[in-house]
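Asks: The residues making up each chain are set out below.
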Amino acid sequence: MGTVKGKKSVNPAMTESTVALLRELVAHLRDNRTELREEWARRITEARLLTAMTKEEIFAEATSVYDNYVEALETGTFEALQAYARNLSERIIPRGVETDEVVGIVLLLRDVLARSLFGKYRSDFDLLNRILDAYEPAANRIANTVAVGFVQERERIIREQQEAIRELSTPVLQVRERLLILPIIGVIDPLRARQLTEQLLQAIRANRARVVVIDITGVAEMDSHVANHLVQTVEASRLLGATVIVTGLSPDIAQTLVNIGVDLTKMNTVGDLQGGIEEAERLLGYKVVMHDSDSGGKKS
Amino acid sequence: MAVPILKQSNYLIATIQAALTDQDFVQLRDALVEKVGRFRSRGVIVDVTALDVLDSFASRTLRDLAYMIRLRGAHTVIVGIQPDVAFAMVQLGITLADVSTALDLEEGLAFLDSVDSEQARA
Chain X
22 MGTVKGKKSV
32 NPAMTESTVA
42 LLRELVAHLR
52 DNRTELREEW
62 ARRITEARLL
72 TAMTKEEIFA
82 EATSVYDNYV
92 EALETGTFEA
102 LQAYARNLSE
112 RIIPRGVETD
122 EVVGIVLLLR
132 DVLARSLFGK
142 YRSDFDLLNR
152 ILDAYEPAAN
162 RIANTVAVGF
172 VQERERIIRE
182 QQEAIRELST
192 PVLQVRERLL
202 ILPIIGVIDP
212 LRARQLTEQL
222 LQAIRANRAR
232 VVVIDITGVA
242 EMDSHVANHL
252 VQTVEASRLL
262 GATVIVTGLS
272 PDIAQTLVNI
282 GVDLTKMNTV
292 GDLQGGIEEA
302 ERLLGYKVVM
312 HDSDSGGKKS
Chain Y
637 MAVPILKQSN
647 YLIATIQAAL
657 TDQDFVQLRD
667 ALVEKVGRFR
677 SRGVIVDVTA
687 LDVLDSFASR
697 TLRDLAYMIR
707 LRGAHTVIVG
717 IQPDVAFAMV
727 QLGITLADVS
737 TALDLEEGLA
747 FLDSVDSEQA
757 RA
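So the protein lines, in turn, are chains X and Y. Using my numbering, you'd call the opening residue of the first sequence number 22 and step up by one each time. Using my numbering, you'd call the opening residue of the second sequence number 637 and step up by one each time.
In case anyone wonders, no lab produced these hints; they're calculated from the structure. Do not take every clue at face value.
[Claimed, not checked] To give a feel for the contact side, a few chain Y residues facing chain X, derived at Cβ under 10 Å:
| id | residue |
| --- | --- |
| 1 | V669 |
| 2 | V715 |
| 3 | F723 |
| 4 | A724 |
| 5 | Q727 |
| 6 | I730 |
| 7 | T737 |
| 8 | A738 |
| 9 | G744 |
| 10 | L745 |
[What the hints assert, rightly or not] According to the in silico footprint, chain Y covers these stretches of chain X (three or more CB under 8 Å from chain Y):
| id | stretch |
| --- | --- |
| 11 | 72 to 83 |
| 12 | 99 to 105 |
Every residue, glycine too, gets a C-beta built ideally from N, C-alpha and C.
Model the full structure from these sequences, guided by the hints.
Replies: Laid out in structure tokens, this is it:
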């Protein structure tokens, strides 16, 4: 996962006077810590941000963010703030906090602090200007860091979930010696189709399968690209020495297959999964016998 | 590189050990078609497990080989096509239609045995 690199040293563009100004600024923010924090938390509640969290939680987080914020201003390094932002995101994303809320609260803090600076230096306009020159770039970078951290965390979660869905979505199951079934449920996009094929071909080798039943009852529709891919999968399986039986074709999919002009001599299709498994058992030479009072039970 | 052709009772087994040139494939085809008559073999197995690519020329030669051997009165099975190779072939439109395939040597032999016993019954 890429991270935005916080600069290790103090920004070279910062002159000594800027550093001195920032130090004064930080001292001011430290002195008025309680007051400014409360003001900020009040503004957050007022703006109806972070509605998923309680007032106490907001205040607790606000305190941590405030301290990290002041520290970032003081040292000019953003690693600690970045780590905190990531950690915060990890905790609040599952609770449904949105990107605009996070960006919103950081910008609010920026405003609250700027407002307090206005108040303090309003008599000396020149000094105020220089203070803002020092404050604004740092504050912007902080806002940026927090927002990027939040978005990255979200993206990481989304990627993880996609991965999980993808892995869950393609089980290849052995139901009998030499017989695999591949039930497909849901939408097949080209990526998933490709993965299905790969897993199936590997499974044919690993299980030494001779017959495979692909059940697509759970697939509502299929575009011609994916339908073509299905036909290719059937052919590739045959090259490995396995016969494929496709079951559960819906009328729509049947139409798609006919429209792309699939060679039906290559496709072995059966109406439903039960019929498919019965056909597969027949091909493999299995015979299922009903357990009768006089005969010896289920034989295969 | 020449491909060794082994005689195993009624069958001929050719195991390809390394990548072959087009020339080698043609040679293999001719050698098998010739030997199948000389040994009065009933089946031929071509093992391609070692190959990680089967291009269109190779595939066509294998298909021709299978057809020629059928005309000479025997069956051919191609065994050991790797999953990646199989999918790549299909994407190129090479499907070895009407040529028997099996997972590996063992399956290939089992297949030829079943064809043999079917013919014996008929």
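Asks: Which hints from the list above does the structure break, by number from lowest to highest?
Replies: 1, 10, 11, 12
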